[in-house]
Amino acid sequence: MNDGAQHVVSRLMRESLVDKKVIAGTESAVRAILPALNVVQIGGLSIMDRGHSAVLPLLDEIVANQGDHTQVVGVGPGVRARHILSVGLDLGLPTGALATLAAKSSAQNAYMVSCLLANHGFVYLEAPFIVQLLPAMLAAARGAVFNGIPPYDLWEHPPAIGKLPPHGSDAGSYLIGEVFGARSVILVKDVDGLYDADPKTNPGAKLIPEIDAAKLKRMALPTLPIEPVVLDLLTRARLAKSIRIVNGLKRGNLTRALAGEAIGTLIHG
Amino acid sequence: MPQESDNALLTELGQRLVGGSLSDAAIQRATDAIPTHAILPWVNVVKIGGQSIMDRGRSAVGPVVSEIVANLKRHKMILGTGAGTRARHVYSLAIDLGLPVGVLTVLGTAVAWQNAQMLQYLLAEHGIAFLEPEGFASLPHYLMERGAVICQGMPPYKLWEQNPDVGRIPPQRTDTGCFLIAEVFGARRMIYVKDEDGLYTADPKKDRNATHIPRISVQELLARDLDDLVVERAVLELMLNARNIREIQFVNGLKPGQLTAALDGEPVGTVIYNDAAGGRA
Numbered sequence: 001m002n003d004g005a006q007h008v009v010s011r012l013m014r015e016s017l018v019d020k021k022v023i024a025g026t027e028s029a030v031r032a033i034l035p036a037l038n039v040v041q042i043g044g045l046s047i048m049d050r051g052h053s054a055v056l057p058l059l060d061e062i063v064a065n066q067g068d069h070t071q072v073v074g075v076g077p078g079v080r081a082r083h084i085l086s087v088g089l090d091l092g093l094p095t096g097a098l099a100t101l102a103a104k105s106s107a108q109n110a111y112m113v114s115c116l117l118a119n120h121g122f123v124y125l126e127a128p129f130i131v132q133l134l135p136a137m138l139a140a141a142r143g144a145v146f147n148g149i150p151p152y153d154l155w156e157h158p159p160a161i162g163k164l165p166p167h168g169s170d171a172g173s174y175l176i177g178e179v180f181g182a183r184s185v186i187l188v189k190d191v192d193g194l195y196d197a198d199p200k201t202n203p204g205a206k207l208i209p210e211i212d213a214a215k216l217k218r219m220a221l222p223t224l225p226i227e228p229v230v231l232d233l234l235t236r237a238r239l240a241k242s243i244r245i246v247n248g249l250k251r252g253n254l255t256r257a258l259a260g261e262a263i264g265t266l267i268h269g
Numbered sequence: 270m271p272q273e274s275d276n277a278l279l280t281e282l283g284q285r286l287v288g289g290s291l292s293d294a295a296i297q298r299a300t301d302a303i304p305t306h307a308i309l310p311w312v313n314v315v316k317i318g319g320q321s322i323m324d325r326g327r328s329a330v331g332p333v334v335s336e337i338v339a340n341l342k343r344h345k346m347i348l349g350t351g352a353g354t355r356a357r358h359v360y361s362l363a364i365d366l367g368l369p370v371g372v373l374t375v376l377g378t379a380v381a382w383q384n385a386q387m388l389q390y391l392l393a394e395h396g397i398a399f400l401e402p403e404g405f406a407s408l409p410h411y412l413m414e415r416g417a418v419i420c421q422g423m424p425p426y427k428l429w430e431q432n433p434d435v436g437r438i439p440p441q442r443t444d445t446g447c448f449l450i451a452e453v454f455g456a457r458r459m460i461y462v463k464d465e466d467g468l469y470t471a472d473p474k475k476d477r478n479a480t481h482i483p484r485i486s487v488q489e490l491l492a493r494d495l496d497d498l499v500v501e502r503a504v505l506e507l508m509l510n511a512r513n514i515r516e517i518q519f520v521n522g523l524k525p526g527q528l529t530a531a532l533d534g535e536p537v538g539t540v541i542y543n544d545a546a547g548g549r550a
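Line by line, the protein sequences are chains A and B. So the first sequence is residues 1 to 269, counted in this note's numbering. So the second sequence is residues 270 to 550, counted in this note's numbering.
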């Protein structure tokens, strides 16, 4: 059959990539590119905005684990992103513009973290360099720091409610773990994990040590310590099938999480 | 940490954003209070298909280029390109090698980029520039000066692309990338140029009994749960949440005049529209 197009012979030649049968036919195993990698996401509001009293002990712990674990460190934006979201919303800017603006705040935080870890061989990698250079940098350098917010920029999805960009630094760090087939994705926050109610307003709230992402979504808690979109990503996980939330204000928690101990909350897909 | 009470510079919403959780639905709803500013309300986003147009070479691309040139003084256009057969080849190979969706997205982006470069060589004599996502801040200037710019259609997600529900093919490709450009800029129209007259009840290339659908709501189309579609499913899902783009149009680039008619607002091809009041499902 000659349909007028000049084709390259392949299994998907002339096929509609939207066809459900074609899509189902591509189901097969995925290889982990960097299976020894650990992604450590440092919260913006929860850790960075607290300054040296919270940040430096955590970075010491990252350095202390450098010999045993390969770590890439994602960093979240914090209060400056909240401020520019506020100004941007007031000016009527759309979600894609807000996402582009907020990503600069986490880039600043990531750059500061990379300066504090530079002495130990960590490098700061912008998104294009994650794509091109991360494996080489991990082999030559001794770790890397990246902007936790994914490079969706103007192409950020409009959310179901309101205008806030749905993919923040939790989603971006998780997606790095998933694409490289990382050993673990650890989200470092200022709470001990996930509770059945907000522990900041409800002293009777109970810690949930382990939960399924789909089940957690069904619980429809009014607030979560992570971006809700991460739960959707986890239900479609191929390689990074869980995330762990730990309290970075308590010394030793990150080390225990890196060692695979049941600390904080494990959410699996 | 700053206290929200000392922040007299912040709006009331700003104080809630600084102090509260961004996953709180009440705060999310409050962000809808101010109407969205349409950044480029006069621009049209036109996606030129990869397999459907570019892979056909001169016989299909030539007339489409002529029609774009004829419309340069009448309509401002962001021209995005699809990927096509080389993407199908590289996806097949990469899937066989066990590579993840994020890597396939990097590979597919290169194919859409090649097509965008070729299109730009054909339009260069009319002063049409190619812009990478990083250069999009210059879009308004090029559009005002020359009436059109070219970009590759893939969203810049690269390694950060999300897994599909089923299979290994990146779910958000060039249809999605072009749609999101139209949405963020508050564009006048989103037009997809393909090699069919629009949407059919089945793939007209494979099923002779397929009938044409001139106009359908995104809600109904999703409810029909067709095995095959004229557009990536991600676009239909995003349409439900889109604030600016109320409808998208599909025209046949092999039939001269259809793109012009769509740019003029005529109902050629197929229009998929959002049936929900207020632009949201």
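A few of these clues could be false.
[Claimed, not checked] Incomplete in silico selection of chain A near chain B, CB under 8 Å:
#1 21
#2 23
#3 31
#4 34
#5 150
#6 153
#7 154
#8 155
#9 172
#10 179
#11 268
Simulated from the structure, these hints should not be mistaken for lab results. This one's a predicted model, so the numbers in the text were calculated from it and none came from an experiment. Where a beta carbon is used, it is the ideal one built from N, C-alpha and C, also for glycine.
Structure versus earlier hints - violations, ascending order: When the structure is compared with the hints, numbers 4, 11 turn out to be violated.
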